[in-house]
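S.K.: The primary structure of each chain is shown beneath.
Number of protein chains: 2
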Amino acid sequence: MVSQKEYKDIHQKCLSYFEKAGIVLTQNEVEDLEVTDFGLDRVQEMGLQLVVYVNTERCCAKELVLLPRQTCPEHTHPPVGDSEGKEETFRCRQGTVYLYVPGSKTDEPKALPPADKKQYYTVWNEIVLKPGEQYTISPNTPHWFQGGEEGAVVSEFSTKSTDENDVFTDPEITRTNENEA
Amino acid sequence: MVSQKEYKDIHQKCLSYFEKAGIVLTQNEVEDLEVTDFGLDRVQEMGLQLVVYVNTERCCAKELVLLPRQTCPEHTHPPVGDSEGKEETFRCRQGTVYLYVPGSKTDEPKALPPADKKQYYTVWNEIVLKPGEQYTISPNTPHWFQGGEEGAVVSEFSTKSTDENDVFTDPEITRTNENEA
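Protein chains in written order, with my numbering: chain A, 481 to 661; chain B, 481 to 661.
Looking at chain A on its own, in the form it has when it is part of the complex (with noise of 0.2 Å):
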C-alpha cells in the first residue's frame, strides 16, 4: 500500500513532470491521479502512476509517469468476453522508456527489474522509446516496461481498459487501487 506521504510526494513529483512535458491537466485530473504499487509495497521500484482522460466501452486514452527506475512488472491483457483483449499503443512524451515484449533476448538490456522477482519477466526483446517515438501492443501479449534514469511520461492509447483483467506473470500482484490519499 502507498502511504499518504509517499503518495503526496509522488504527486507532486508528477505534477513537475507533466509540467516540463507541456501537459495541462484539470483540477479534477490533478486530484484523481492514480498511484499504484500493485500490492507489492515497493512503489518506487515496481509502481505506476495514471491520469485516465477517458475510457468508455470501446477506446481509451491514459498519460503515465514512471518515476527513474521504476517498473511496470510484466502482464498481459487477455481476452475477456467476446473482446480479444486489449490493444495499446505507448507513445513517449517525454524521458525514455525500456519496454519489452516477446521476441529475441536482447543482449544487456538496459533495464532490469528487481532481482528477487526476476522470474516473473519472462519477455526479452527490447524496444526503447524516447520522446515521439511509440509501439503498439497486441492483445494478450506479455509486456513489462521501465522509466530511464530521468523516469518518463508516456501516453497511452488504447481499446477500453479493465484493469481487473489484467495478468500478471507475478503471482504475488494484485492490481487495486488503495491509495486515494
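I should point out that these hints are in silico values taken from the structure, not numbers from a laboratory. All figures in this text were calculated on a predicted structure; none of them were measured in a lab. It cannot be assumed that every hint is accurate.
Chain copies aren't distinguished; within one or between two, either way the pair holds.
[What the hints assert, rightly or not] In the PhoX-like style, the derived pairs of lysine-lysine whose C-alpha atoms are separated by at most 20 Å in a straight line are:
1. K493 <-> K640
2. K610 <-> K542
3. K488 <-> K598
4. K500 <-> K598
5. K500 <-> K610
6. K597 <-> K500
7. K590 <-> K610
8. K640 <-> K610
9. K542 <-> K640
10. K500 <-> K488
Chain B: place on chain A using the hints.
M.R.: For chain B alone, kept in the frame of chain A given last:
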C-alpha cells in the same frame, strides 16, 4: 486544392504550434503532416491539419491543428458495416477550440462559419475547450469546430478512423488527401 506554397507555409506554422505545446514528432510524422481543405480551396477558412499517430482496426489517435479561426466543417461519422460509427474525444492541448454539437442553440456563439456556408451548419450547442479540457462525441452525431484567435492544438482519441465514410453537411465537400507537397 492546397498549393505547395500554402502547404509549406501551413506546415511551418503547425511545427511551431507543436513546439509551443511541447509535442515531439518523429521526422516521418513531420513529413507526413496532412493539410486538408476538404476540396473547398479555402484552406485558411475551412481546413484542418493532422498527424495520425496510430489507426488500427480498433483505435486511433491523432493530433489536430486548427489555424486561427479555421473551421472544420460540420460532419458525422455514420455506422459502417458492423460498426456503430466513429466515437471520438477531443482534448484541447493549446489555444481554444469552439466545438458545436446537437442541443440547445447557444446565444451569441463565439464562432461562426463562413457566411456563404451558413446553411450547412445545423448544430449550435457550443462547447468551449481550453487546454486540459475535453469532450467526447458519440457516433453518428453532427459536429463542427473552429480554432480561436490563436489557433489550437487538439488531441483526438477515437475508434478506427475512416475519413472516406465521413458525411459532411456541405455537399460541395470531398475529403481527399491531394495535398502531398
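S.K.: At 20 Å max between alpha carbons, let me know whether K493 reaches K640 within a copy, between copies, both or neither.
M.R.: neither (28 Å within a copy, 34 Å between copies)
S.K.: Given identical chains, is K488 near K598, meaning Cα to Cα at most 20 Å, within a copy, between copies, both, or neither?
M.R.: neither (29 Å within a copy, 51 Å between copies)
S.K.: If the cutoff is 20 Å on CA atoms, where do K500 and K598 land: within, between, both or neither? Let me know, please.
M.R.: neither (33 Å within a copy, 42 Å between copies)
S.K.: Tell me, please, which holds for K640 and K610 at an alpha-carbon limit of 20 Å: within, between, both or neither?
M.R.: neither (25 Å within a copy, 26 Å between copies)
S.K.: 20 Å Cα cut-off: does K590 pair with K610 within a copy, between copies, both or neither?
M.R.: For K590 and K610, the Cα distance is within 20 Å only inside one copy (13 Å; across copies 39 Å).
S.K.: Reference check for the pair K542 and K640, CA-CA at most 20 Å: within, between, both, or neither?
M.R.: Classified as both: same-chain Cα gap 11 Å, cross-chain 18 Å, threshold 20 Å.
S.K.: Which holds for K610 with K542 at a C-alpha limit of 20 Å: within a copy, between copies, both or neither?
M.R.: both (18 Å within a copy, 18 Å between copies)
S.K.: If the cutoff is 20 Å on CA atoms, where do K597 and K500 land: within, between, both or neither? Let me know, please.
M.R.: neither (32 Å within a copy, 42 Å between copies)
S.K.: Is it within a copy, between copies, both, or neither that the alpha carbon of K500 lies no farther than 20 Å from that of K488?
M.R.: within (19 Å within a copy, 29 Å between copies)
S.K.: Indicate which option fits the pair K500, K610 if close means a Cα-Cα distance not exceeding 20 Å: within, between, both or neither.
M.R.: both (15 Å within a copy, 19 Å between copies)
When each numbered hint is compared with the structure, violations occur for hints 1, 3, 4, 6, 8.
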